[in-house]
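Generate the whole structure from the sequences, applying the supplied hints.
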Amino acid sequence: MFSTILEQIVNGIVTGSVYAIVAVGMTMIFGVLRAINFAHGEYYMLGTFGAWFSIDYLGLSYEASIVVGVLSTIVVAYVVGKLVMQRMVGAPAESGVLATLGIALVLQNTVILVFGGGYKFFSGGYIEPVSILGFSLAQQRILILVVCLLVFVGLELMVTYSRMGKSMRAVSQNVDCCEVVGIDVPQVVLRTFILGAALAALSGVLTAPVNVSVYGGMGELITFKTLPIIIMGGLGNVRGTFFAAMILGIAESLVATYVGLQFRDTVGFATLILMLMWRPHGLFSTQARF
Amino acid sequence: MSLTETAQQIRRRDLRIPLGAVLLVIALAAPFIGSRYVTHSLIIALIFMLPAHGLNLLVGYTGLLSLAQAAFFGIGAYTAGLLAVTYGTPFYVNLLAAGLVAGAIALPLGIPALRLRSTSFVMCTLGFVIIGQAIAKNWISVTRGDMGLSSIPKPHFALGPLSFTVSGTMGFYYLALAIGVLATLAVWAIVRSPAGRNMIAIRENETLAESVGIPTWRYKLIVFMISAVFAGVGGSVYAHYLTVVSPLTFQMYYSTTMLIIVLGGGAGTISGVVFGSLLFVGLTEALRITPELRMIAYGLCLLALVFWFRKGFSPLINRFWDTVGGAK
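Quick note, the sequences are listed as chains R and L, same order. Each residue of the first sequence is one higher than the one before, counting from 1 in my numbering. Each residue of the second sequence is one higher than the one before, counting from 291 in my numbering.
No lab work stands behind these hints: they were computed from the structure. Ideal placement from N, C-alpha and C gives every residue a C-beta, glycine not left out. Hints are all accurate, no fakes.
Chain L is faced by these chain R residues, among others (derived, beta-carbon under 8 Å): (1) I36; (2) V97; (3) I103; (4) L105; (5) V106; (6) T266; (7) L272.
Now the structure itself:
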């Protein structure tokens, strides 16, 4: 009994890590643009498709496919960033919602049009189980945990110390002042956006061996799950996002076991609505920033 | 000649009545001109026009961007389907019930949701669609889960000794047309009333509207409910037309379609919604464009609308109107 709960919690942490890597990009993009990126899950999907394509069609190894998946997403993100995201600086909130919804539609359906809407089998990854402290855990899941921790430590350092991180924080505080002191706001927006998309793609490639199936509509669900996480974490808050993602991951995995698998995907939205009602500034911020 | 020239008042020949008559004749004659498939496309366009009218009241007149329309559309479809299959109630009862149920459900959903602003409101309304789908899938004892409801009867009318069933495409077209015209007139009445002007005031500046004594909170809630009623009615017609309802009625796809009709046609105009549903739903259906291509086109349209055509494509119709009407 106890070990089942513990096992579910460990599973939840792995799922949470996946969400965390996706959500942190979205929350950073919100920080600089003040817009929710409704297309964020599509970059997760693009990364996975890039990797699947390079394994199935190009015959590359899984390690190489990670690089291909992330790089191809970066290329797409660069184009989208140049054409769309940079225009959103200072635009009203509704424009951001509509523009990113439009991007989501275009990306998702282009992939379905090119590769077909069916489920595809993802054949790469390290799926050998390893046993640690009496648990057997697939290597891939451990890899996800490790990458997640590395990403967050890296981001924390970047946001605190690097020039890019500092300018990101500056843009998220006051766009006009940034322009006065000579920070290239569109440039910061573009870089943040590409970084966020690349992280989403990385998360997608890392999760693919665990999820096994790959399909065009997979990004939508990820976007929907990212929304409650970034709200819980407090919009624009990197550290908060990490803990919020863990909370959602664990909650989902417990609900899936003890309430019913079909209710797993509703947990996020119930959380989202409750959070928006009572703590719209998130669990970890003391006051509303937005 | 004065030194300052005021903006020239454009005076048009009043062509509203003749043009309206021409449109009416075209609308009535459409099933005889086009093939059966074209008529089918027009029916779908007319059905989608209903929730789009509701959404227009919300987005175009009150300034609230909502994605919940598909949820109320689905609720309407399920209400009509369940009533028809379980109790065998006639079409008009289902239609009214679907509207009322959707409107009633909008009240408890709207009270929390409308306390949110801009992006948070969008996310919250998106949540309603996802949760609606989950309920439709998992409340199996009522909704039959993924199997959905099937063999919903075609509309049947009985007036004393007279009774007839609307079964063919052509018959259904006239039914949908009648409902569509009534709905358009209803929206027109709402928009033209003082309430409509108050809604526009809320859209333009909510704080100012509140300060001049408009009960903004009550207005927003009532408009949210009215938009749900329109969606519910649309859902019931959809259920009776397709004769099946599945959890897939609760889909982002539908919300996006309704949004693109309103924004593409021109939010805050009634003719825009009519035009938008014909263009975005009727035309794409008639051309048999695959769903993927259609969604790509919608996505590109959304981007174009956000960055270039902020007022939708309806200024193009207005220009046409000016040309035809002969601006002096």
